[in-house]
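A.B. asks: Chains as they are written, first to last, in the working numbering: chain A, 1 to 164; chain B, 1 to 244.
What the hints contain is simulated information worked out from the structure, not anything from laboratory work.
From a predicted model like this one, the values you see are computed outputs, not experimental measurements.
Cβ coordinates follow ideal geometry from the N, Cα and C atoms, glycine included.
A few of these clues could be false.
Unchecked claim - Chain A is nowhere near these chain B residues, computed Cβ spacing over 12 Å in every case:
{"hint": "1", "residue": "N83"}
{"hint": "2", "residue": "S124"}
{"hint": "3", "residue": "T186"}
{"hint": "4", "residue": "T188"}
As the list claims (entries may be wrong) - One-sided and incomplete, this derived list gives chain B residues near chain A with beta-carbon spacing under 7 Å:
{"hint": "5", "residue": "W44"}
{"hint": "6", "residue": "F138"}
{"hint": "7", "residue": "L143"}
{"hint": "8", "residue": "P144"}
{"hint": "9", "residue": "V145"}
{"hint": "10", "residue": "G146"}
{"hint": "11", "residue": "T162"}
{"hint": "12", "residue": "S175"}
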Amino acid sequence: MSMIHIDPLEKRWLWAIGGMLAIFWGVQIYYAAAENMHPPSNVEVIDSAKLHLSGEFAEDNLGVKKEADGSYTVTMVAARYGFYPQEIEVPAKTPVKLRIASFDVLHGVHVPFSNMNTMVVPGYVSEVHTEFQTPGSFPMICNEYCGLGHDYMYSKLHVTAGKS
Amino acid sequence: MSNMYIKTVTGMSVVVAALMMSPVFAAEHGVTTAPKGSSSNVAWTAEMVEFVAKGDKNRGGQLNQDLFCASCHGQVGIAPSANWPSLAGQRAEYTFKMLKDYKEGKRKGSHSAEIMTATSQLVSDQDMADLAQFYASFTLPPLPVGVSFDAAVGAQSKSIVTRGDGKRLVAPCQSCHVANGEGQETDTPALAGQTPDYFIKTMQEYKTGARSSDVYSRMRLIAKVLTDEEIVQMAHYYAGLTAK
């Protein structure tokens, strides 16, 4: 059994790539642990074609609701080309549960300067738990290409100054 | 010509009679409040898309005569007057959805909607699919004789049509209705060649919320932030898209 010959230059690249993988993996683990960023763990199916006839995502049911424990639940629909309702308002530093479903194709939701970032896959409900830290108005941006109007697909999130 | 006139008059009488007898007419006459609950009961499941796709255009053509649709929407889907929409080349899914919405009381808000609500009580789902395929079998209409548009006015809407207005959350019209105004799947309607009067009426009804069968208010939200002037410009733009 002879050792496989590895060229010294090749060996240096293997170490470099191994090191890069370790760094990227470390960054992911750090953010997952410290900043609570993770893939949505909530697997829940829904019929996207009948979304407007479903109970939860019916038109009258969308928007922001305050729960008994002081937290907020936001129910939204992503549809080409917008998020509905178009404007929502939640307080800062308060637990918010966002439940979003797609009416048509694959969308994404990203709120800059927050950890609110999820795919919205047709046929599934995306659920994200977060707390918005900074008061102000932010765009909710679609970050999965969804069609010709994708770059116009955004709505407004107003974060008010914390608990009253 | 006189034969045509008789047909038209007879058609109108049938429509008016149907209107007077309809319980919907009695309940809704003069009342233009938005319906409660969902904007539309139509859901584009695979089965529903297939059902509409299998509509029989020949039978639809017969219904166009028998139900006197032709008296307002024309023999080949080109409306003989500016007050009624041309349906030639319209997407079948859209025509089908409108008929369903009328029948189920989801599309209201104008006198013409009341007439269509009454008329739609006479047709089955199969009739709707057949009619929808009949109109879809034609190419998009040129403007009817006597209806004019101003290309220069239309050109002023170019920026909203192609670029939208991000500040007002208005996506470009063409991102859904596509560049040549032929609409796209599933039920985004064709706009090219539509008469300016009807286009303006429709947009104003969306703007006030009188017309409310667009699921998740997607057209109402856009129309609400457009100015009357912009709506007029768009009407002329789309009227001119197929006219050469």
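A.B. asks: Each of the hints needs a verdict: does it hold here or not?
C.D. replies: Going through the hints against the structure:
With a minimum CB-CB distance of about 30 Å to chain A, B:N83 clears the 12 Å threshold, and the non-interface call stands. With a least beta-carbon separation of about 21 Å from chain A, B:S124 lies farther than 12 Å from that chain, consistent with its non-interface assignment. Here B:T186 does not stay apart from chain A, with its beta-carbon only about 8 Å from theirs, under the 12 Å limit. Not every Cβ of chain A is farther than 12 Å from the Cβ of B:T188; the closest lies at roughly 9 Å, contradicting the non-interface assignment.
A distance limit of 7 Å between C-beta atoms decides the matter here; for B:W44 the minimum to chain A is near 5 Å, and the interface restraint holds. Hint on B:F138 is violated. Least Cβ distance to chain A is approximately 25 Å, over the 7 Å limit. Interface hint status for B:L143: violated, as the beta-carbon distance to the closest one in chain A is roughly 26 Å, over 7 Å. At its closest, the beta carbon of B:P144 sits 30 Å from a beta carbon of chain A; the interface hint therefore is violated under the 7 Å criterion.
Residue-level restraint check for B:V145 is violated (minimum Cβ-Cβ distance to chain A is 34 Å; threshold 7 Å). With its C-beta approaching chain A no nearer than about 35 Å, B:G146 sits outside the 7 Å limit, and its interface hint is violated. Hint status for B:T162 relative to chain A: violated, with the closest Cβ pair at about 11 Å, above 7 Å. Interface hint status for B:S175: upheld, as the beta-carbon distance to the closest one in chain A is roughly 3 Å, under 7 Å.
The structure shown violates the earlier hints numbered 3, 4, 6, 7, 8, 9, 10 and 11.
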